[in-house]
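Engineer: Dock chains L, D and Z with the ligands against the given chain Y, drawing on the hints supplied.
Protein chains in written order, with the numbering used here: chain Y, 1 to 615; chain L, 616 to 943; chain D, 944 to 1339; chain Z, 1340 to 1908.
DSSO-like mimics (lysine-lysine), calculated; alpha carbons at most 27 Å apart, straight line:
| hint | chain 1 | residue 1 | chain 2 | residue 2 |
| --- | --- | --- | --- | --- |
| 1 | L | 839 | Z | 1468 |
| 2 | Z | 1713 | D | 1235 |
| 3 | D | 1089 | Y | 415 |
| 4 | Z | 1548 | Z | 1440 |
| 5 | Z | 1440 | L | 854 |
Have a look at the derived ranges for each label pair, beta carbon to beta carbon:
| hint | chain 1 | residue 1 | chain 2 | residue 2 | range |
| --- | --- | --- | --- | --- | --- |
| 6 | L | 932 | D | 1242 | 30 to 38 Å |
| 7 | D | 1138 | L | 621 | 38 to 46 Å |
| 8 | L | 679 | Y | 229 | 29 to 37 Å |
| 9 | Y | 427 | L | 629 | 52 to 60 Å |
| 10 | D | 997 | Z | 1495 | 53 to 61 Å |
| 11 | Y | 139 | D | 1089 | 58 to 66 Å |
| 12 | Y | 239 | D | 1059 | 43 to 51 Å |
| 13 | D | 1138 | Z | 1713 | 37 to 45 Å |
| 14 | D | 1089 | Y | 439 | 30 to 38 Å |
| 15 | D | 997 | Z | 1429 | 29 to 37 Å |
To be clear, the hints were calculated from the coordinates, so they are not data collected in a lab.
Cβ atoms here follow ideal geometry from the backbone N, Cα and C, with glycine treated the same way.
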Amino acid sequence: GGYNEAASLKEQAAKGALPPVTNRLPENPLVIKPVESVGKYGGDWKLALVGGGSLSHLFRYQAYEPLVRYTPDWSGITLNVAEAFDANEDATVYTIRLRKGMKWSDGQPYTTADVKFWYDTVLTDKRVAITGQGHWKTDGKPAKLDIVDEQTFKVTFPRSNGLFPLQMAWSNNDHTTRCPRHYLEQFHIDYNPKADEVARQRGFQSWIAAFQSMAGFQDDNSFFLNSSAKPCLFAWKFKTAPGENTERAVAERNPYYFKVDTEGNQLPYMDRIVYQMVADPQVLLLKTMQGEIDMMDLYIATPNNKAVLYDARQQGGYDFYTLTSTEANVMTFIFNLNHEDETKRALFRNRNFRAAMSTALDRQTLIDAVLVGQGAPAQPSVKQGDPLYNEQLATQFTGYDVDKANAMLDEIIPKRDDQNFRLDDKGRRLTVIFEIDQARAIFLDLFQLVIPMFQAVGIDAQMRTMDRSLWETRVRQGRSFDATAHQFGANGGVAAMLDPRYYAPTDSNAFYAPAWALWYVDPTNANAEEPPEETKKQLELYNQLKAKADKAGQQEIMKQLLQGAAENFYVFGVSQPPDSYGIVKNEMKNITKIMPSSFGWPTPAPTMPEQFYKA
Amino acid sequence: MLAYILKRILYMIPTLIGMSLISFMIIQLPPGDYLTSMIATMSESGQAVDPAQIARLKEIYGFDDPFYIQYLKWMWGIVSRGDFGWSFEWNQPVSGLIWARMGSTLVISLLSLVFVWIVALPIGIYSAVRRHSVGDHVFTFLGFIGLAIPNFILALALMYVAYRFLGQSVGGLNSPEFAEAPWSFAKAIDFLHHLWIPIIIIGASGTAALIRILRANLTDELHKPYVVTARAKGLPEYKVILKYPVRIALNPFVSAIGWILPHLVSGVTIIAIVLNLPTAGPLLFRALVSQDMYLAGSFILLLSALTLVGVLLSDLLLALLDPRIRFN
Amino acid sequence: MTANNNMSVNDVHSQAALDGPSISPLKQGRTVSTAAVGPWRLVFGKLVRQKVAMVAGAIIALLYLVAVFAEFLAPALPTTAKPQYTYAPPQAIRFFVTNPDGTSDFKLHVKGYKVEIDKVALRRTFVTDDAKVVPIGFFVKGPAYKLWNLIPSTTHFIGPINPNDPMYLLGADRLGRDVFTRLVYGTRISMSIGLVGVAMSLILGVVIGSISGFYGGWVDTAIQRVIEVISAMPTIPLWLGLAAAIPLTWSPVSVYFVITVIVSLLGWTSLAREVRGRFLALRSEDFVTAAKLDGSSEMRLIFRHILPSLTSHILAVVTLAVPTMIVAETSLSFLGIGLKAPVVSWGVLLQDAQNIRTVATAPWLLIWPSMAVVVAVLSFNFFGDGLRDAADPYDN
Amino acid sequence: MSDPTDDVVLTVENLSIDFSLRTHILHAVEKVSFQLRRGKTLCLVGESGSGKSVTARSLLQIVDRPGRVVAGRIVLKEAGGETDIASLTPTSRAMRAIRGKRIGLIFQEPMSSLSPVHTIGSQIVEAIKLHSGLDRKAARVRMIDLLRQVEIPNPETMGDRYTFEFSGGMRQRAMIAMALAANPDILIADEPTTALDVTTQAEILDLIKRLQVERGMAMLLITHDMGVVAEVADEVAVMRFGRIVEAGTVDAIFHDPQHSYTRQLLASTVKLTHHAELVVPAAAASKASPAPVLSVRNLSKVFGWHGTTNTLKAVDDASFDLYPGENLGIVGESGSGKTTLGRLILRTVEPTTGSVIFRGKDGQEMDVTTLGKKDLRTFHREVRLVFQDPFASLNPRMTVKEVIGDPLVVNGLAKGKALEERVAELMRLVGLDPLAMERYPHAFSGGQRQRICIARALALDPQIIIADEATAALDVSIRSQILDLLLDIRQRLGLSFLFISHDISVVRYFCDRVAVMHRGKIVELGEATQICTAPREAYTRSLISAVPNPDPRDKRLMHRQRFVAPANA
Ligand SMILES: Nc1ncnc2c1ncn2[C@@H]1O[C@H](COP(=O)(O)OP(=O)(O)OP(=O)(O)O)[C@@H](O)[C@H]1O
Ligand SMILES: Nc1ncnc2c1ncn2[C@@H]1O[C@H](COP(=O)(O)OP(=O)(O)OP(=O)(O)O)[C@@H](O)[C@H]1O
Ligand SMILES: [Mg+2]
Ligand SMILES: [Mg+2]
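If we strip away everything but chain Y, and leave its shape as in the complex, we get:
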């Protein structure tokens, strides 16, 4: 059919520098229905990144092209790179078909060979030892990959893996669409015997380091680093990648992008994405107020900043969009149930202790002071209105009652010292140090108010703030912290099943029980600890959930899991997260005005930035 393209591309095609658009598009391009209207070509999407370590946020703007992607409302998934994505009855065999004639951004064909290359060199190559992609494994073993033809491949699991499609759509979870064989071959010893030499020329110690770095799968941040030479399938590809310049990064339209709008215009509409690297969020805030940013929510959209952003709408030429919260709670209090200290461990594992602490919180005050009254007292849970809502989980122990909290604590740790602080079983003052990542400003504010509340019931609660990386080291890898606070998790729908961190310790994000999570992943690990029966039951339920292929079945088990979570009461929280916001320039069109806020559903990528345009 007659496809249309951007003027600049048309020019190049006319000159012969590019093949004609029909040849660049796959035989069956993905047709996108614009949110409002068919747009026009041109313009830059001006964005910013704060700090060097936040490159993973690029997945939100530029790099969400999995085989299947989430729908804009996060109710499920829809086809994207894949033309077809089929599962068998018991979710053990998946058959996936790619688009014929689909090409990388340098014009090379994208085929099952690329998938196979990834499978061989990344997923299963022990030398390279790149981690992750757990959804490709059951019982720690990778699924089997069968290449049927250039476009078709089969993934076979030994055991049912019903969450596989949902997880494939999770942000950054789909390596298969980001591993250009023809480019990466040169760095791998199996494909290029001189790979070591190539590596050394580029300053690497060995081909392994070079391959890891060039593939960029070892961690979220490095995928984009210095990546302008790496072909991709995204709507925009880097011309100046982060790292090649430490001040700004620029991505330009991909002439081979595989999507068109309903009128046959090749997407994306906008010419470029321009990122400024900003060191401090306050500068970004000013830049936003000045109108230098087109659409953003990260870093700036805090409750505290809303007032100034609101006042500057005129000058900045922007307005707000709504981000519905997907997090389980504004802030979750986490006690270390696997504490090294025996006395503390026993105490923290006591459900009544946690319940008493929860009862000691005056949630309404916290909500009024920090959230400007937005929010409602709740524990980390699925939100009201969601089919999975569990009232007990959401509301138990949210009533503020100092006397009751004291009475509950008196049953467990009645003794007090001369300053009226409670003593633990060993006669030591019960000091609970909450270790907090200092970048989370809202936590710091909440804790300033929370600490006196805990002290009022005789607990010597203290807060230590620290840099993010130190916090990661201490809390995620350590066993010696008393307690911490965190957010995320999920409050409903698909997300709750994919990220049940506060309902069962399924992965290392379950800070309250790192040793149990480890046991779940790898029972043989030296640091793993066998969880108690009721937790084992939760984990078993999650295994069952993963094996279910149908949505109804998954929901049924999830309900049981949530009820178990209510009984276990691992963690407690403050409030249901209020909706957040972002700013978008008035000239930006085809923007979805209400969308979830999440990393897994990489806001706003599933609302299809390729069809954004500037009026």
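Structural biologist: Then chains L, D and Z with the ligands, alone, in the frame of chain Y:
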């Protein structure tokens, strides 16, 4: 003289070794290494981490070597190949990153130095000559206000002013529209528009100290007999002061020039973060926070080495200016 | 014969005294006294005559009084947050209330607020409510505290007569805490902790600089190299490294204290260089040789004979270093390695104010702590200036 | 000569200068009047601190800060009339035109009066260019010419040298060249020869005289050396306590003094031309052949790096003995190594070669050059030094009580009340009022300071005192009193003096034997009277002949012999 320079250069070698060792030690002080923060980020996005793989990565990065082996490897790379190591965070050789930022750092440092001198010299001279006059008190007061207001607060306030009342694009050294443009007159003007805030802020804290020291030194010199001699020749007053006591009172500043670089880099880091300046400070700060050890270590080493050179240069300059030192 | 000789000397002496250079008193009626005055009396006398220095000294004394009696002087507690008053602007103290019949009475008070919540902009807007009179008084009952963590009391120097009424003389912060109270409490930490570091780097700088300059030779060369290494090192990596290396169980105040101490262990170099330079010049002075010939030990030479010549310089350095430490604390807080909440210091207050929201809509959060720092810094400097001028016996 | 008033170039009338001090107003100069005439020299003599320098400075309006001209006129004759300098603003153009151009000033302290960071030549060139409008090249030629005139050797190269590369005498001469740069009508020379030995002094006086004759310059010469006055003055004004107590022709002042102070000055001067009469070396009298208390053998000191050509033999193979109760004088040219010799004996400067044997009270001998730190300290208790510069040797931050008491304290000899009493006793001994013990050094006059130093030297009851120019800074009357005091103390305490001086009359008065030093070597050693009256060595003869005679009717300097050193000595 030549012997003296040679001797000083020889002395620099052990000093540099000491510095490299200390820089390496400092960056190893925090628990963990780059790998731990990398693993942390990996887990953040829900990836499970296999301990065996961690061990492999450690080996590849050389993190399981003992401290001194890592240090020696690093030093050997620098000495034998000029290779300062690998930046984990930026996935690049360290040297490219550093040199890119060093230029702007030096430019900003030098410009603010010039600014500070231009402002502080006349004021310092005035304050010394008219000690305890109203003008002296006013300048002292203003200078100290600059010293007392934390410069990041000043930076923020000035940026807000620039945004609110001047409608200027804030932060960085160029407006977005000029970021990719080649150098032109308009770009230079835009550059200057961005430069005044950092220069004023860096200057604000520096001038007070300079004024004070100059005032003190000059007060000591003003009543020396050789000044009266100059006056007795019939020289006009301004010449008397500029040619004789000021010349001598400046010596301590000349000898301090060499030490300015580390102060500027440390002092300016915060401002650079707030103002989003592409200088060494923020990059060094990031590298430290993320434990990007070779980047951080090389930065520290390079700054120290530059300082040493600066110290040598300023000592030589001083000898050039003050014959008493030259001939001792 | 001997007596005779002595006599003649004394004769001339007394004759000279009789017929000395002519002098007259400064003012009519004032007696002329050239009698000896003790050194400290002299310094003090000169200091008193410098008005600026005296005012500065009085302010420093006042600041320390505030630091000592913070609990009593503050109208509230630094941690008490009232969500309904987040970002409440400062109130003016008023003296008269108008009665319904038109007469006015003297009554110390502030006006209450009318509060509205703006759900879209996510903020509370405050309007002064003229109808709401919040009477305030001195020595009022308020929230309970323990003075110096020992003496329980509820009496506050100033406060609203009804403890539940809002009184925010300098406004409220983003959690509805009283800025005035926090400023008063902040004085305590800000004016004390840095001093230890100052003292330490002072002692180290003086001692090491003295030794380097006094002995010269290889001792000097070695010390100079050490100084080079230390002072060429940027400080930020050090702070960060140390901050991460200190055990977490330590309280924030002690962590900060330790970092301060360690950094002052490295912060002596500039003073040492200056002291050394002066020593190099002074050690060959005749009066030092004279003291050596008198049998003074090296320690005595250094500390009794040479160092006093540096007092003015050292005094200046100290008075500069104290405020520098106060300012440094705020910068460190900014980097997240200084003091941290819930500790209250001026630096922490400024760190809290370090955002556009405050600059744009709540400038009082920025202005008052900045003012406190500025006033302290200026006071220290003017006082130091005065002290230095006064300590110089040869300055007129 | 024609009408004397025609010759007057400057008239000072009733000049009064006040210093407003902390406690009182000091009238440093009161109602001073004098006139300067073309080609004539007016000498201003008087007690130290009598206001001579202040008067001189007021002529150029450069009196130090608290000082102020409160009354009087300073009238300068100009081509078209008269200018009252006292009424000009110090920074005005008119005043600047007078400075340097009309009135040249040679400062009292040549050491610090020149900028340390500019070459001597450039400082002179600046003065030339300022008033003559010559270009740089021409100014430089003139500068070299000036330096040659003031007898600086190699003026072409020396002009590019810095102050510290010049010896004291050369600096003084450079200062003179600068003052003469713009051909002033009036030259004010403020003690231009205090720091110099008699030979150098004589040469400088010669030079000034010659220039004065050549240019018809009027000169105001300030000095406390009555010999110099007698040699060069036409008129003399005697100052005391800020007032001119007597003025007249040089002949009238010397031969018909009216005021008691003038007479006292002259009497002291005459007294110092003879050897002290009542002195019999106590030890020498009692013992036939006493063992020397100090034996110096082959002592040498080389300054500069070894092995390079840049070395200087400051002391060259010096040997002598000092007997108990003896006063040994050391005289010689400036820079001949006198101070260095004294310091070598005390080892505040380490000798290069040679030995110093000291015999203690118990008769035990020790070689000072090999002593350890501890023994050296004991040695320093027995051999004390009075420094050449009393002010510099007093710690400005210590009271006199602390200064004098310090040796007692560190040697653990006295404490508290006892210390105070001992200090008071010492002060009384040197004729100071013990009430002043809490004062700082700057509150004393030069003579009193010198006496403080002597008291400190005496505090430990030493055997030897090395007195380095202990009376150089004093006017004659005070000087003679101090010398008498020392003689008296020697007699009572039985100690020996090593008396270093450039003032031959003082040496003759005070010493038993004299050693003459020249370029580090002791060239002659003998009885004081013999050296002063019948010197054997050529150098000594020239030295003695350069001593100015305090009698204007017998100007000896005219007949002095120049000593030409053997080449490369
Ligand atoms: N800056 C000053 N402040 C206070 N008093 C001063 C100052 N300068 C000079 N005087 C005093 O003025 C008086 C005269 O000093 P002047 O220097 O004229 O003495 P002089 O006659 O030159 O003595 P000398 O022979 O020692 O050089 C002295 O009593 C001195 O103490
Ligand atoms: N520390 C030193 N370094 C180098 N040369 C020195 C040093 N001290 C003295 N001299 C030189 O040694 C020589 C003798 O100096 P000294 O001070 O002993 O002379 P002096 O006889 O005491 O002279 P004056 O009569 O001027 O006091 C001089 O030429 C001097 O320049
Ligand atoms: Mg004088
Ligand atoms: Mg001498």
